[in-house]
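Participant: Residues in the sequence shown are numbered from 1 upward in steps of one, following the numbering used here.
These are calculated hints, taken from the structure and not from any lab test.
Watch out, some of these pointers could steer you wrong.
[Unchecked claim] Computed Cβ-Cβ distance ranges for the label pairs, DEER-style:
(1) Arg110 with Arg69: 39 to 49 Å
(2) Ala49 with Thr10: 13 to 23 Å
(3) Ala114 with Leu2: 31 to 41 Å
(4) Arg40 with Lys117: 38 to 48 Å
All values reported here derive from a predicted model rather than from experimental measurement.
Virtual Cβ for every residue (Gly too), placed ideally from N, Cα, C.
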Amino acid sequence: MLLSIDPVTTAAPFEQIRIQIAALVRSGGLLPGTRLPTVRRLAGDLGLAPNTVARSYRELESDGIIETRGRKGSFVARHGNANERLAQAAAATYADRIRQLGILPEHAIRFIQAALKSDPES
Numbered sequence: 001m002l003l004s005i006d007p008v009t010t011a012a013p014f015e016q017i018r019i020q021i022a023a024l025v026r027s028g029g030l031l032p033g034t035r036l037p038t039v040r041r042l043a044g045d046l047g048l049a050p051n052t053v054a055r056s057y058r059e060l061e062s063d064g065i066i067e068t069r070g071r072k073g074s075f076v077a078r079h080g081n082a083n084e085r086l087a088q089a090a091a092a093t094y095a096d097r098i099r100q101l102g103i104l105p106e107h108a109i110r111f112i113q114a115a116l117k118s119d120p121e122s
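Kindly generate the complete structure, drawing on both the sequences and the hints.
Facilitator: The structure is reproduced here in structure tokens:
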């Protein structure tokens, strides 16, 4: 699994990891049941503190994208509606970005509603 951290972006490293893993799951680059690197190994590979990677894994687990099986490690989730999990992850990413931009929640909701109503082929 090839992940990278962009030191220039405003997104926190834990968020960059979360976004990249979610994108790999969505694209099929990580299939259900695939074992993820251990927190310590991924932290070492990326030059980050283990707590940073652990936070990413916790959020991915909360989104239903991965599951942790005790000492066996963390895996891409096998069960549940993958599209729903990915939609929840996309919503969380959008909400984080909206907060970073300082946009009011009611405006963000209007943006989403307009985007959902627009014709994607126009």
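Participant: All hints, please: hold or fail.
Facilitator: Now the hints, each set against the structure:
1. Arg110 with Arg69: 39 to 49 Å: holds (41 Å)
2. Ala49 with Thr10: 13 to 23 Å: Since the Cβ atoms of Ala49 and Thr10 sit about 19 Å apart, the hinted range of 13 to 23 Å holds.
3. Ala114 with Leu2: 31 to 41 Å: 35 Å Cβ-Cβ, so the 31 to 41 Å window holds.
4. Arg40 with Lys117: 38 to 48 Å: Distance hint for Arg40, Lys117 holds at roughly 46 Å.
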